[in-house]
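Asks: As a plain string of letters, each chain reads:
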Amino acid sequence: MKRDPALYDYLPYNAQRPVIKWPNGARVAFWVAPNVEFYELNPPRNPARAPWARPAPDVLNYSYRDYGNRAGFWRMLEAMKRCNVRGSVSLNVAVCEHHPEVIKACADNGWEFYSHGTYNTRYLMGMSEAEERAVIQDSIDTIKKHTGQKLDGWLAPALTYTPNTMDLVAEMGLTYICDLFHDDQPGPVKVKQGRLTSVPYSLEMNDTIVYNVNLVQPRRYADILKRQFDRLYEEGEQSGTVMCIPLHPYLVGQPYRMAAFEEALSYIAGHDKVWLATGREIAQYFNEHYFDAFTAAAQPVGEAP
Amino acid sequence: MSTNAKPLPADYLDYPLRRYGMDHERYDWSMLPDRKPVAWPSQARVALWVVPALEWFPLNMAGVPFKPPGAMQTAYPDLRHYTLRDYGNRVGIFRIMKALEKHGIRPTVAVNAAVAVRYPSLIKECTQRGWEIMANGLDMDHLHHGGLAVDDEKKLIDTTLDILRQASGQAVRGWLSPAKSESAATLDLLGAAGFDYVCDWVNDDMPYAMRTASGPIHAMPHPIDIDDHTILVQNHHTEDDFRDQLCDQFDLLYKESATAGGRIMAISLHPWVIGQPYRMRALEEALAHIMRHPGVWAATGSEILDAWKASQV
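Residue numbers (the working numbering), protein chains in the order written: chain A, 127 to 431; chain B, 863 to 1175.
Simulated from the structure, these hints should not be mistaken for lab results.
For glycine and all other residues, C-beta sits at the position ideal for the given N, C-alpha and C.
Honestly, I wouldn't trust all of these hints.
To be verified - Simulated crosslink set (DSS-like; lysine-lysine; CA at most 30 Å straight-line):
| hint | chain 1 | residue 1 | chain 2 | residue 2 |
| --- | --- | --- | --- | --- |
| 1 | B | LYS1016 | B | LYS929 |
| 2 | B | LYS986 | B | LYS1016 |
| 3 | B | LYS986 | A | LYS147 |
| 4 | B | LYS929 | A | LYS128 |
| 5 | B | LYS986 | A | LYS128 |
Claimed, not checked - Under 10 Å between C-beta atoms, here's a sample of chain B residues computed to sit facing chain A:
| hint | residue |
| --- | --- |
| 6 | TYR889 |
| 7 | TRP891 |
| 8 | MET893 |
| 9 | PRO920 |
| 10 | GLY954 |
| 11 | MET959 |
| 12 | ASN974 |
| 13 | TYR981 |
| 14 | SER983 |
| 15 | ASP1003 |
| 16 | LYS1016 |
Claimed, not checked - Residues from chain A shown here face chain B by an in silico Cβ test under 10 Å; the list is partial:
| hint | residue |
| --- | --- |
| 17 | ALA174 |
| 18 | TYR245 |
| 19 | TYR249 |
| 20 | ALA284 |
| 21 | ILE350 |
Bound-form chain B, shown alone (with noise of 0.2 Å):
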């Protein structure tokens, strides 16, 4: 062992926030299994809720304070990382579309305020088929994080939120942080903000309420650990195994709804990962096999979280 570590903090060995519950005021801790079953409409067992990602990839990216996946990678101009990512807008999307399309399904798009700058017949393609716009921050090089200025980090909030609102024409009132990288003030922001979902905590598979200081704001599930960069960038799995573990995911949530009430299946996607000609077959088969259950609700979020609150009453 090293005998030149340097000394610890005298309250290193403190534990003010040792009690029940979380070391913190943001929510309360809550079991899932203890929870009041859900009811969704028409008795549905499962929300289906898709989550494709439109994202925006400066060419000079700063990375501050770290590269989100997807980041340029090469020295400057990194064209083939720009491109690539590029390609979920321009190409990558309009095959989900379709595929989503085959079964009345409509997600609730995450989308970097810079793209609907960039390419408002996309954004005017997603409002015209009923899509609910999330705000998915202002691009893939503006992250929320500690370092920023609350001002600044409000502003960049404020911004995203108006330029959203005037593409899509709707409130807009999901947000997810670009990389789901938050400060600490984030939540406080876009409480003030109006905003009433945010899908950065991977921290259950259904809603729950957290405290801002202008009133509440819901957690979204939006898992990362299921979700097409996960799986088939990170891990490397075959596009096989994307399918079989979307398919497992379901399966299993269909199975607890039948005595634990209504569960939420959410997909997230980024369209220049699931798009590639190669990978939209496992999409498809996946959508297929839930879709063929009974008991399917296809939903946006905002649709999602307006039945879950109505079931808490």
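In isolation and in its complexed conformation, chain A is listed as follows (with noise of 0.2 Å):
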């Protein structure tokens, strides 16, 4: 086991980091990346984790997740069309046999599909590298058979990673990752092969961690979201930062949850300095014009005793 994963290198959020400008004097690029997912009510035990809180069949957990597709999303799609804002879908690739009709009303509107897995009840860990590599190809293929879009992102189902996660995703074609938390602007990756972008996405912003986790009021939430995006705002200014909404459809989508979300979700969108973006096209103006300087600009870590 590595004490560092050695994924990224050492570049401080001070004046000597390269400057960011976005397109058309965007201070923000702003990207929403709903969780699309299918937890499966018997999947097989990996030894590194339980796929339920409680013995099969978990029935509160697995509806609670189940209704994120069958109500919740749907509410939430609403919200974002009213706001003009994409999403990304973050995709337990699955869901495109499972439930085309989803997947429509994603591509119907414009939206970008980057890949969770297959299913969020399959973990990486454990995995050998010809299963992972199996893994992610059945990403790539599902992806373009159903939408008819090059798989570009990657966000790892549940956040579970084997050490060569990140070296294949590269090496297989993928131009950037969600899964790093070190960050409010994008960085290079260091990995074996390819070139690959990691997008900050955001775990503080994640209706997961906040409804779950940090156990916060609805109202809270949007407030939390403007004050992430007013500071980031402020800061864009000198340099370009990326603000992401990560979104579970079960938790944001229920009833009364909503309007909280609507509220913040139209005050950002709503500012004129906002770069409305996809998660491939943050990557992409990213990695054309700012990589290589982010990749000259970072310093070596020191190995530590």
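Fit the two chains together into the complex; they arrive one by one in their own frames, and the hints show the way.
Replies: Written as structure tokens, this is what we have:
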């Protein structure tokens, strides 16, 4: 086991960091990442993690997630449409087979699809390189087949990894990942081959963390989102920042939570110097304009005793 | 009630240390209201001591003998918590730096030696600004505890001190144990290594002398109660609540200082917590509240300790 994932060099967020200018003078590249997920009722057991808190069948937790696709998603979709915000779908690709209607609704609105693994109940820990390659290839093929899109982005299913994950997704042609939480700007990821960008996703703004871990009220979630945006908008005047709102339709799509969320989304999207982008667009722009400058400016990390 | 409880040791009702004062010799019993009033430089009423911590949580943490706050949580490799903690050293600390510079506040920064080795430019950013470097152990997975052999703990302290002295060019007079965990030998080892103060004990608002085998070391007030991690992460209070609690803490100490002598307002910060964009305003507003009062002396731990010692004579 390594002490340091060694996926990035040290690049402090200070005046010496290369300055990012987003398209059209935007200060913040803002993106919303709905996690469209499928949790299996009876998945095979990964020795490192049980799929459900209760013995199978965990009816309560299974159906809680299923609510997202049946009800919450549709409500979230309408709110995002009203705010002119496209989603970048963090997709368990098996949803393409299970619920093609959900996929079609996203595609009809010009949303991006990136991979969040096959199912949210199939964890990467313990996979051989061949098995992990098969999972990534499945995502590439399934998204291409059902949406026509080239797969560019990756967020590991249930945030589970092997030591090979980043090398493999880069080698297999993906261009960005959402798995690193070390920065508010994109950054180069050190991989064996390929060119991989870390696009800031967020746990602090993620409805799962906010509602299931920090146990906050919906109006407070809206306040947190606005505070986060205000600070990144202010700092983005000097150098462009990224703000992501990761969502889970089973949480944000509960009736009592929607109004506060939409109010915050509308507040953010209503600013004039915001780039309403997708993950792929942010990664591509960074890759073309700043990847090399960020790589050159970064400092090697010393080996601690 | 259970009838099969294990029998108690024969000395269970002996109280050999039942006496006036403490049940150990590390320090003397002393009540805050009885103390000689302290005079800060320029008749200041409250010394403001800001203490951000620069911590490194290794990806393969063993968590022995316990997981410190902020440790890895999921199966290896827990990229999520590793990178969220690293955010503090890469992004969060620079937001704090700006907030402090606005008021000319020089903090004491508690540094894991591993951070100084990994990110030498970060230590330079701190020392160039006149910040005091305090030792915060080797990293967040090297806790000081009774299970460590004394020689191993001594080596840990010596290595930490050597690295930080070399990286900072400072004497490095202060020590904070990772997660405030000590062994019974830690204070003696810190005294032998030449540290002037230690921040692990949370039993006072003012400095006080502790005994070590090599002479006195001073405890500095470094409260766990009013700390960004405790209030925002552990207690789930809002950002405005954190600001209000900092302001209330200051207001009471400021009021006490009118009659009781100089007080110390210590603010312990974790850049991976407070340095998140949505949280920074809470600290900025609290600092603005504190700094608009006359008689606030923003100083480093060493400066505060030296002034306190001078006023004890």
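Asks: Against each hint, give a clear statement of whether it holds in the structure.
Replies: Here is how each hint holds up against the structure:
no.	hint	verdict
1	B:LYS1016 / B:LYS929	holds (22 Å)
2	B:LYS986 / B:LYS1016	holds (27 Å)
3	B:LYS986 / A:LYS147	holds (28 Å)
4	B:LYS929 / A:LYS128	holds (18 Å)
5	B:LYS986 / A:LYS128	holds (27 Å)
6	TYR889	violated (32 Å)
7	TRP891	violated (40 Å)
8	MET893	violated (39 Å)
9	PRO920	holds (4 Å)
10	GLY954	holds (8 Å)
11	MET959	holds (8 Å)
12	ASN974	holds (8 Å)
13	TYR981	holds (5 Å)
14	SER983	holds (6 Å)
15	ASP1003	holds (8 Å)
16	LYS1016	violated (15 Å)
17	ALA174	holds (4 Å)
18	TYR245	violated (17 Å)
19	TYR249	holds (8 Å)
20	ALA284	holds (9 Å)
21	ILE350	holds (5 Å)
Hint compliance for this structure: hints 6, 7, 8, 16, 18 are not met, and every other hint is.
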